[in-house]
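Q: For chain A, the structure is supplied; the task is to place chain B on it using the hints.
Quick note, the sequences are listed as chains A and B, same order.
First residue of the first sequence? That's 5 in this note's numbering, and the numbers climb one at a time after it.
First residue of the second sequence? That's 5 in this note's numbering, and the numbers climb one at a time after it.
Among the hints, a few may not be true.
Each pair may be met inside one copy or between any two copies, as identical chains are not told apart.
Simulated pairs of lysine-lysine, DSS-like, Cα-Cα distance not exceeding 30 Å [stated by the list, open to error]:
1. Lys281 - Lys182
2. Lys521 - Lys612
3. Lys612 - Lys518
4. Lys242 - Lys294
5. Lys642 - Lys575
6. Lys242 - Lys65
7. Lys624 - Lys294
8. Lys521 - Lys65
These are calculated hints, taken from the structure and not from any lab test.
Number of protein chains: 2
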Amino acid sequence: MTLQLTMQSKELSSEELSILQQMRVRCTKNILLSTSLAGSGHPGGSLSTLDNLLVTYGCIKHDPDNPSMEDRDRIIMSIGHVSPGVYSTLSEYGYFNEDAFLTGFRRTGSGFPGHVERIVPGVEWDTGNLGQGLSTAVGLAHGFKIQNRPNQVIVFMGDGEQQKGQIIEAIRFASKYKLDNLIVVVDRNHLQICGTTEEVMPQSIRSLYSMNNWDVNYLEDGHDRNAYFQTFSRAYLKNDGVPTVIVSRTTMGKGISFMENIAKYHGSTLDRSLLSKAMQELGVEDEFDKWNGLRQDPVSTETIQEYVAPKLEIGTGTPIVYEAGTMLDNRSAYGNALLGLAEENNANGDLKIAGISCDLEGSVKMGGFHKHSPKAYIEAGIQEHHAASMAGGLSSLGLVTFFSTFGAFAVSEVYNQNRLNDFNHAGVKVVATHVGLDVGEDGPTHQCIDYLGLFRNYYRSSVFIPADPNQTDRIVRYIATVPGNVFVGMGRSKMPMITKEDGSLFFDADYTFKPGKADWLRTGDDATIITFGAVVPAVMEAWEMLKKDGHSVAVLNMASLVPLDSAAVLKAADSGVILTVEDHHVETGLGSMVATVLAEAARAIRFKRAGVSHYGGSGKPSELYVSQGLDADSIAAKVKSMLS
Amino acid sequence: MTLQLTMQSKELSSEELSILQQMRVRCTKNILLSTSLAGSGHPGGSLSTLDNLLVTYGCIKHDPDNPSMEDRDRIIMSIGHVSPGVYSTLSEYGYFNEDAFLTGFRRTGSGFPGHVERIVPGVEWDTGNLGQGLSTAVGLAHGFKIQNRPNQVIVFMGDGEQQKGQIIEAIRFASKYKLDNLIVVVDRNHLQICGTTEEVMPQSIRSLYSMNNWDVNYLEDGHDRNAYFQTFSRAYLKNDGVPTVIVSRTTMGKGISFMENIAKYHGSTLDRSLLSKAMQELGVEDEFDKWNGLRQDPVSTETIQEYVAPKLEIGTGTPIVYEAGTMLDNRSAYGNALLGLAEENNANGDLKIAGISCDLEGSVKMGGFHKHSPKAYIEAGIQEHHAASMAGGLSSLGLVTFFSTFGAFAVSEVYNQNRLNDFNHAGVKVVATHVGLDVGEDGPTHQCIDYLGLFRNYYRSSVFIPADPNQTDRIVRYIATVPGNVFVGMGRSKMPMITKEDGSLFFDADYTFKPGKADWLRTGDDATIITFGAVVPAVMEAWEMLKKDGHSVAVLNMASLVPLDSAAVLKAADSGVILTVEDHHVETGLGSMVATVLAEAARAIRFKRAGVSHYGGSGKPSELYVSQGLDADSIAAKVKSMLS
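Excised from the complex, chain A in its bound form (with noise of 0.2 Å):
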């Protein structure tokens, strides 16, 4: 039987305070074990927030035996580190015994780690980098608004968390978007790592949000639980378009007589002889032994929850073929794909189609979608940090999350935003256009070139790169049609239509876009020229001047990165000369792959990498392009001079 709390009670009765109590007894015996049992962990801030999270997963609509379904509220734990909190109270629930978590928890391959993740069941995000929290659940919030669910999200945080930057581009986008189904929970200790709040960095956390126009509640004693429910159930049940913080005040190590406000227990654990103590003070059995007993098992696997992509089911809509011989920006291409994917698949209210941007909506050619779905189309300012995470939250709905900016702002800004959505399993799709150094006179700030160099990090993010606008639209239909995370690049200028030798469209109206398989332009016997993206005109022309001078020399179209078409890159080893050219890093992009490819099969050939070598300047494409020995010239000097 799982504790259900009434919202529309005036007050917690005392049988549910009582129950209450009996539940932060062993929770507080549950997180001093555990965290001792590892010898790592987080004791300090996990009794601080306890007696909050206790209440609201009695408040929140869920249920332990159904952690994904439906219509449950969220709860994003900012504050990932309390995680022997977080399991203590949900192993209270029902979502699993507590014998699962203290033999399992920080253990390699359990289903317990440090901090929380989504194997655990009831935990919907993973976190444990402060900061970012918040924006998830406000992607989570605009996106039950946008679905016209009723769904409420709830994410707690820390204090001293609330000097990241990026909450506050969190709490100007609630504000502005009306998020009333959206409750932060501020575990208001005072203490950080290195000492009180006010000595580390002083702010007032309410100012922060009550600028904004929150709806800021205090309470003076935060583990007073009838306080906290009478707060969060209206929070909860109000509907008046603004977001609510609830700044609870409360005791670090709280219970603890020897634990409460001292700040080194936010990562020290208690040694053998003071767990004891704590044990006793308690007035419940010290089980260390038992349970340490009990470790030495092989570690148990079974209450991990694997990850289950939402469903999609999204129309292609008709692809739009660009004739032979006409030029166009892959940007507008990506708009026109969008649009189609709008009208295909954002019909009669019913949105499965989202798109972000920041201050870049024309420059990204997001206005076709805007004017379509302006419900779906989210305008997030100058704010891409906050941006990225919450395009995370969103797209975890089962909403296909276009997110789109200059390559500098959608890559190099966010990476560690871009990095977390990866590792949860989200389903974002950054199409960043003014990537390379196709940005021209915007100079080297500008020129994202380092997007294959930074993504190759991920495990699992995909990397497409389009060779012209019919590529384009073919991979953003492709894209909005799978889960997870793809990004997708493309430069600023306009392209001509890639062609084959007999001047028909390459990418024609019969191309489908495949990952991990690479386009043979041009088949040839001497030599291979492997590159993608804003380049491969100037590839293509190299090859006409090389065709000229009698070589036979092929070029192989890498739209795909992420995953690589290495056997396409062995196949073009046997032409015995390959180079690898690319408007990226010459470091960290296609040439270190290839190279990769080439030495893992110990084939000897002649090989070179052409790419960008040093910052690009502030210039046109085309000349910066010749800067770099990246132009149609240079190229086809370089393979002449590796053929003789």
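A: Below, chain B without anything else, positioned relative to chain A:
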């Protein structure tokens, strides 16, 4: 003759006002001309911030004939896109002739790029990404305080820019550290690219500063040069421990009737006929054709200001030698070396070494340094974005600046901040503890396995990863003596000292660290293991096993990863078998670097990579290594299978 205003004056004289008005007309002309000539750029914001820029340069201490004069004040343009406003102002103040600017603006190879860069005389910092400039300015201002210098720092920001979360981090910091030598000017024109700031992302800018106890000034007419002068000079002259912000209500496109308050002129230029119209309004000649003609000449590089690194005179102190057979964590060796550097260089109030951390002083072992040099130790709170950018500013004053926190926060979280430091030839020594699976139980969010994968995307940063505490000691002392950004990463756990075969120390009292030079820990003929960092002890164990089995294997330690010792890799290739072993993402680290060397040299050998091939779990480092095949047994088995 350049204008020099007297800040003690009550108001500007009519003569001064008249000079400023003439300057404004010429600058307006040049802003419009330069952007129309280039066909791109940002005229609107340039015109709105121009009056404040012109008065500011009249007030501050600077010398156009000696732009790097020691006691100059610093202006940081956080809004790097208003470059035409800056260049035209600098030209008025004698830094260069307008000819250079008008013929060069936004041309490849010229000295006048689209976003401001230090190659322009008078520009202090490359900017372009919004949100970072205030932090850099704070670094400069705090650096002047540390150095007891009277210089002041002025930073120009946009109003849309105030949405970036990093800004409130910097605001808080400036308040905590009482930076009354800092003046922020916010160009409050209420317009950003996609509309009014109120439409895009509503906020009260003044509250952002006032809630953090800044001296907040609002100018109802920001174009009133006398009012700005009075406010600015009061802020400049005061000495009350309070930083100042001047929110200056301006008009986008100010001065040209049809451009005023039109958002598109943020990033759109005037076409030929509108330019003519604007020139008429200004009452000046339309010089488009003249300059357009001159722009057909080859670009001039005459004004380009070469970067000169600040001169460092740092003593390395006496190296600490940790004895063979002892165990220590590299973190402690770092802390000890840093203290040694402080003792050697931070004497008698003359501070040369600074240290920044983010609520992790104890974990990163900065306690000794803090105690020795309290004024040079900087607690930035949980505000890594700000801290990283601030470190760049601080270091540019010639303070050797150590920035230490966990790898996930020093690298993954602040990739774009470190990137801007790289642009700027800053001198930040990012020493990250807690990198790799060696982090253990805190799990994947805290395991930084991308430090190489990220730092390899810069062009001007070095990466060094020590193999034991002795090498840590020498590397830390070395990096303090050289300019430029350096990353040094280390794990969390205690490690044995690396020894030679005879049991004596490998990195002994005679060892000195050399960038680009690998260490042959063991020599051998059958195979080579190339490795670095926390897994070196496991590799050494594997070497023992292999030796017992009769295999002659070499071990090459790559403490210097950027630059890489390619010659050593090629020598290793002579053994015919190379296995790379790293506590890093297997796709983006040492393995791919070695592969590139092999592929480009066409060396067909048996080559394999061992590294982190999926997100790490939460458990003991030793177990996590087993789970990824990075323990001694697995390494030995891999080598054996390659030899068979």
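Q: Taking the hints in turn, state whether each one holds.
A: Now for the hints, and whether the structure bears them out:
1. In this assembly of identical chains, Lys281 and Lys182 lie within 30 Å of each other by CA distance neither inside one copy nor across copies; the values are 48 Å within and 45 Å between.
2. In the homo-oligomer, the alpha carbons of Lys521 and Lys612 lie at most 30 Å apart both inside one protomer (22 Å) and across protomers (24 Å), since each shortest distance falls under that limit.
3. Taking the closest pair of Cα atoms, Lys612 and Lys518 come within 30 Å of each other both inside a single copy (27 Å) and across two copies (28 Å).
4. With identical chains, the CA atoms of Lys242 and Lys294 are never at most 30 Å apart, being 47 Å at best within one copy and 67 Å at best between copies.
5. In this assembly of identical chains, Lys642 and Lys575 lie within 30 Å of each other by CA distance both inside one copy and across copies; the values are 21 Å within and 27 Å between.
6. Taking CA atoms no more than 30 Å apart as the test, Lys242 paired with Lys65 passes inside one copy only; the shortest distance there is 16 Å, against 57 Å between copies.
7. In this assembly of identical chains, Lys624 and Lys294 lie within 30 Å of each other by CA distance solely across copies; the values are 21 Å between and 71 Å within a copy.
8. Taking the shortest Cα distances, Lys521 and Lys65 never come within 30 Å of each other, neither inside one copy (45 Å) nor across copies (61 Å).
Checked against the numbered hints above, the structure violates hints 1, 4 and 8; every other hint is satisfied.
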